[in-house]
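Chain A is already provided as a structure; the job is to place chain B on it using the hints.
Protein chains: 2
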Amino acid sequence: MRDDRTLTHLCLVSRALGAEAIYLQETEKDIPRTVQDVNSSWGGDFEVLVNPSWRSVISQAKSEGRKVVHLTMYGMPLQDKVEELRGAEKLLIVVGGPKVPGKVYHESDYNISVTSQPHSEIAALAIVLHEVQKGEELKRDFGKSTLRIVPAEKGKHVVRD
Amino acid sequence: MRDDRTLTHLCLVSRALGAEAIYLQETEKDIPRTVQDVNSSWGGDFEVLVNPSWRSVISQAKSEGRKVVHLTMYGMPLQDKVEELRGAEKLLIVVGGPKVPGKVYHESDYNISVTSQPHSEIAALAIVLHEVQKGEELKRDFGKSTLRIVPAEKGKHVVRD
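Chain order of the listed sequences is A and B.
Be aware that the first sequence starts at 1, since it is given in the working numbering, and climbs by one per residue.
Be aware that the second sequence starts at 1, since it is given in the working numbering, and climbs by one per residue.
Any copy, or any two copies together, can satisfy a pair, since identical chains are not distinguished.
Distance condition first, Cα-Cα at most 20 Å in a straight line; then the derived PhoX-like pairs of lysine-lysine:
hint	residue 1	residue 2
1	K81	K134
2	K67	K81
3	K99	K154
4	K81	K62
5	K90	K134
6	K67	K103
7	K62	K90
8	K156	K99
9	K67	K134
10	K103	K156
11	K154	K81
12	K67	K90
13	K67	K154
14	K62	K103
15	K81	K139
16	K154	K103
I should point out that these hints are in silico values taken from the structure, not numbers from a laboratory.
With the rest of the complex left out, here is chain A (with noise of 0.2 Å):
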């Protein structure tokens, strides 16, 4: 039901704002191939992990000590939880759409709403991703890499090692 542009999106977002790993309930054969390759040019060790059941992945997540936090327009506005997700140690956060199951809405910690109006679990991600980091993400050094960037005023300033 999701398209492969829309998880190509939410893998890339998760890997540039600093999670560590993306669960991918359905996916398209070539998005870890191409996350992969983005990781060899760009740095870091972001996984993918895909086609695991969401039932494991929330109940291993707790096992772990993390939080589970269901992003849907329909919970609790972000910015009056963001100061208690920000003390969690760790965070699985739960992207779905329109088909998740009801029990997802239950099993997770927090339902968190980033507005309540309909827009873009890309956009939601990236904001809750943005505000539990502080914004510190955007400073985020993913090491080792064979394109880097140089920020510039105009123009493109691309480094090859």
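Using the frame of chain A, we list chain B on its own:
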């Protein structure tokens, strides 16, 4: 080149996070209608304007006193420029992609990156709208609407007016 789904996300994120309007250089015929339906159900008067010339949009924005902010992974880090952006009266945010003409980099007042990593124009737009408005956009009231969500710890609570 940009798919329907991505354009829809860009429209809905802009609307949900407080923009007044979006200009789409390319569009699918259903998108303005989809966004109009969202306005009818969820409130507000966000506008979708289709097929303008990017040159005229930028020059008109400048003549209105807007600062033009082009989002690109090659640009200056958001965190280094956000105070300046917050000081601007009004902004035009340009979201392009790989095929953006080089002139856009030069005609923009700012080229801004949300990390120098490849990810998603939807996520970059969301974080920039969020930072420029200091998170105040999350509290926005969309006025009269036929559907309204009452945020809930668990489940879905929608009010129909």
